[in-house]
Amino acid sequence: MGLAPEAAAIPKQAPHSSVELISENSTVAAGTDFSLGLLFRLDPHWHIYWVNPGDSGEPPRVSWQLPQGFTADAIQWPTPKRLPTGTLLDFGYEQQVLLPVRVHIPAAVAQQVPIHAAVRWLVCGDICIPAKAEVDLSLPVGARPIVNPQAAPLFQQARASLPKPVPKGWKLSFEDSKDEIRLSINSAGKLRSAVFFPLDANVIEDSSPQRVRKSASGFTLSLRKSDQLTGPLTLLRGVLADSESHSYEVSVPVPASAGKGRGSSK
Amino acid sequence: MKRNFTRLTFVFALLGLTAAAFAVRVGEQAPDFKAVDSNGQSRALSQHKGKYVVLEWHNNGCPYTRKHYESGNMQNLQKEWTAKGVVWFTVISSAPGTQGYVTAAEENAYLREMKASPTAALLDPQGTLGHLYNAKTTPEIFIIAPDGKLVYQGAIDDHPTSDASDIPKSKNYLSVALTESMSGKPVDEPSTRSYGCSVKYAH
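Chains as they are written, first to last, in our numbering: chain A, 1 to 266; chain B, 1 to 203.
Hints should not be assumed to be uniformly reliable.
To be verified - Using 25 Å as the maximum straight-line C-alpha spacing, the simulated SDA-like pairs for lysine to any residue come out as follows:
1) K225(A) to K149(B)
2) K178(A) to V212(A)
3) K149(B) to L229(A)
4) K171(B) to K190(A)
5) K149(B) to V203(A)
6) K190(A) to A241(A)
7) K169(B) to K178(A)
8) K171(B) to V212(A)
9) K149(B) to N202(A)
10) K225(A) to S183(B)
11) K171(B) to S63(A)
12) K171(B) to E175(A)
13) K79(B) to G97(B)
14) K225(A) to D158(B)
Read the hints as simulated data drawn from the structure, not as lab findings.
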């Protein structure tokens with residue numbers, strides 16, 4: 001039971017994984033946006049990587065061939081999982097993941113939209129294998145966009161797992177000490193605990209346990225600094241995940257006046 | 001009796017913390033190590049005071065290592081820099097049964113087949129040297145200056161892919177760091193994110 005041919009390409013097989021180019025829409029319309037997605041299916045015990053892969057690995061990359069005037073945004077990354085291998089830690093996805101991509105359609109379009117993508121990724125289990133595939137899709141253009149009801153649940157699930165902006169009223173701050181960063185989250189009781197996934201490499205020691213200390217207004221995460229963090233930290237960026245599916249974007253700067261001190265954002 | 005036990009416990013706890021508490025950081029003294037090479041010879045960092053030392057973490061099956069070996073890139077770098085007096089140690093920290101693990105004979109056959117010319121290949125199947133330096137990927141490069149300070153840690157170059165066609169357009173961090181350091185300049189990018197497969201430690 002696959003998707004309608006207009007909206008789906010055939011999954012391309014690769015070692016221990018496959019990739020399929022799917023579209024949220026079965027029909028698109030001029031001057032609108034819609035979502036494409038790269039649907040990866042992985043063999044048990046094999047994984048692909050998040051935008052920051054962690055201690056090792058490489059995230060998937062895509063290069064698009066789109067008709068004149070079309071633009072595709074960067075891949076949107078659902079909340080990753082922690083993937084430990086012994087003392088090392090990577091960030092990525094197992095089993096199945098849809099990576100959405102927003103596409104912008106110009107005012108002037110033909111009746112049919114051919115889409116081509118070259119996808120490269122690294123799939124790892126005990127060993128790593130580089131993989132690549134060329135995927136194609138052709139979509140009809142109509143007066144109004146039509147969502148593909150078979151693809152919609154996959155996109156909804158992926159979107160629910162994309163990191164959201166921190167809600168208004170929450171307060172995030174961080175303290176930068178010699179060996180660790182303490183990220184404090186005041187969420188008016190909404191967030192009880194979380195795991196921090198850094199966006200930047202060499203900021204925290206990825207594999208170090210993240211100690212949680214609860215307070216009346218929220219909790220503090222102690223994150224051991226990476227030995228490769230040279231110089232003071234000016235911005236802490238990442239994703240705070242409270243479960244496997246729900247997460248928040250974190251971007252906490254250090255005020256310019258502070259040296260080795262506090263940073264905060266509301 | 002009880003006080004002695006407490007003191008002893010404290011000492012053991014301190015020893016247990018040593019590996020984590022002793023950080024390997026650019027600008028600081030690189031930790032000394034002892035390891036056996038593929039010819040059965042014992043090698044130590046302290047034997048090479050006054051020389052530049054390169055540590056190159058290696059796994060012959062990892063696609064990122066293969067990128068640099070099948071293209072001849074790593075071998076060219078080994079030739080170029082050992083000719084300039086650099087001591088180059090290839091380090092294999094793969095545990096027995098994992099990808100990249102080699103016996104001494106297998107490593108010597110690989111070096112011959114690949115025409116690789118490190119000063120020596122250090123066999124580290126227990127991961128002692130790997131954990132001491134907190135090596136995470138293959139490849140990963142550490143450069144130690146003649147005064148014993150770590151002057152570079154990170155990737156071999158600035159294209160974190162397994163594609164050999166990226167090599168000609170890549171900035172080779174190893175060569176840049178050695179050139180800068182040898183001409184008395186500070187290394188401009190002393191710490192980069194290494195890329196590759198995870199080191200296959202025993203666990």
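For each hint, the structure was consulted:
1. K225(A) to K149(B): holds (21 Å)
2. K178(A) to V212(A): holds (19 Å)
3. K149(B) to L229(A): holds (17 Å)
4. K171(B) to K190(A): With Cα atoms ~47 Å apart, K171(B) and K190(A) exceed 25 Å; violated.
5. K149(B) to V203(A): holds (22 Å)
6. K190(A) to A241(A): Cα-Cα ~13 Å, so holds.
7. K169(B) to K178(A): violated (38 Å)
8. K171(B) to V212(A): Violated, at roughly 40 Å.
9. K149(B) to N202(A): holds (20 Å)
10. K225(A) to S183(B): Violated, because 32 Å separates the two Cα atoms, which is more than 25 Å.
11. K171(B) to S63(A): holds (23 Å)
12. K171(B) to E175(A): The given pair, whose Cα atoms are some 35 Å apart, is violated under the 25 Å limit.
13. K79(B) to G97(B): Outside the cut-off at roughly 31 Å; violated.
14. K225(A) to D158(B): holds (23 Å)
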